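Counted the way mature numbering (1 follows the signal peptide of the UniProt record, and there is no 0) counts, the sequence shown spans residues -21 to -1, 1 to 193.
Do not rely on the hints blindly, as some may be mistaken.
[As the list claims (entries may be wrong)] Below, computed lysine to aspartate or glutamate pairings styled on DMTMM-like, alpha-carbon distance capped at 20 Å:
| # | residue 1 | residue 2 |
| --- | --- | --- |
| 1 | K180 | E60 |
| 2 | K170 | D53 |
| 3 | K29 | E2 |
| 4 | K34 | E60 |
| 5 | K176 | E186 |
[Claimed, not checked] Estimated spans, in silico, between C-beta atoms of each pair:
| # | residue 1 | residue 2 | range |
| --- | --- | --- | --- |
| 6 | K156 | K83 | 21 to 31 Å |
| 7 | A122 | R177 | 23 to 33 Å |
| 8 | K80 | K180 | 37 to 47 Å |
| 9 | K119 | K189 | 15 to 25 Å |
Everything labelled a hint here was simulated from the structure, so no lab data went into it. Bear in mind the structure is a predicted one, so any value in this text is a computation, not a measurement. Cβ coordinates follow ideal geometry from the N, Cα and C atoms, glycine included.
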Amino acid sequence: MPLTLACLLAFIAYAIGYSYGQEIITEQKFACVFNTISAAVRTSRFDGLKKSGWKASNNDEAAVFLAHVFHETDGLKTVREYCAPGCGTNYAGSWCSIKGKPNKLYYGRGWFQLSWPCNYHAASRSLGVDLLSNPDLIEKQQALAVKTAIWFYKTNKMDVPSKQGDFAATTRIIDGKLECNGGSGAAKQKKRVESCKRIRKCFGLGEPKKNSMC
């Protein structure tokens, strides 16, 4: 039976769609990355990633993104700041017209530690979930913990340098004021970079081609 052009094109489209991200962050590679948590917790976190619908476009992006996740969440041991709820009042301020809701705290939550009322409001509008009124949802729903990180990641265009393996550029976006150019968080940046180099190996990558320090 001859293979028609339509069938061939359909097969190619399927193959591309299947390979795009489907096999990049596998459960085995996820376990390699997040190697300091229990299997049960890791399975729950991985399920959240799958439900979020996000897929890395290449190994570099997977390594960069997950390295930041590892750093921000202590290896996914937590999806909220360790200082919470006590430090919640530290995030009561606002640089936009949005104010926090009464008796709600906006400390860091999710895979990228979403913080501040302005960010909770902006993420709410993008994701279609009222996080300003219900910030605790990020802690309770694994997929939402991922989605808020992806929202920040894409909104701030971290995905562009991530796909090129430019870890320094992404660090500059997520915490540049503290960690880059010898800032007060320079020691934290060193740990962040060490995590990235280890995680690159989980995806079969060698040393970064670009300087990882910002």
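A quick look at each hint next to the structure:
1. Straight-line distance between C-alpha atoms of K180 and E60 comes to about 28 Å, which puts the hinted pair past the 20 Å bound.
2. Between the alpha carbons of K170 and D53 the distance comes to roughly 11 Å, so the proposed pair stays at or under 20 Å and holds.
3. Distance hint between K29 and E2 is fulfilled; the C-alpha atoms sit about 12 Å from each other, no more than 20 Å.
4. Note on K34 and E60: the hinted pairing is violated, with a Cα-Cα distance of about 25 Å set against a maximum of 20 Å.
5. A distance of roughly 7 Å separates the Cα atoms of K176 and E186; the hinted pair therefore holds under the 20 Å criterion.
6. For the pair K156 and K83, the supplied restraint of 21 to 31 Å holds, since their beta-carbon distance comes to about 26 Å.
7. As the Cβ distance of A122 to R177 is approximately 26 Å, the hint placing it in 23 to 33 Å holds.
8. Evaluation of the 37 to 47 Å hint for K80 and K180 yields a pass: the beta carbon distance comes to about 44 Å.
9. Evaluation of the 15 to 25 Å hint for K119 and K189 yields a failure: the beta carbon distance comes to about 38 Å.
When held up to the earlier numbered hints, the structure conflicts with 1, 4 and 9 and fits the remainder.
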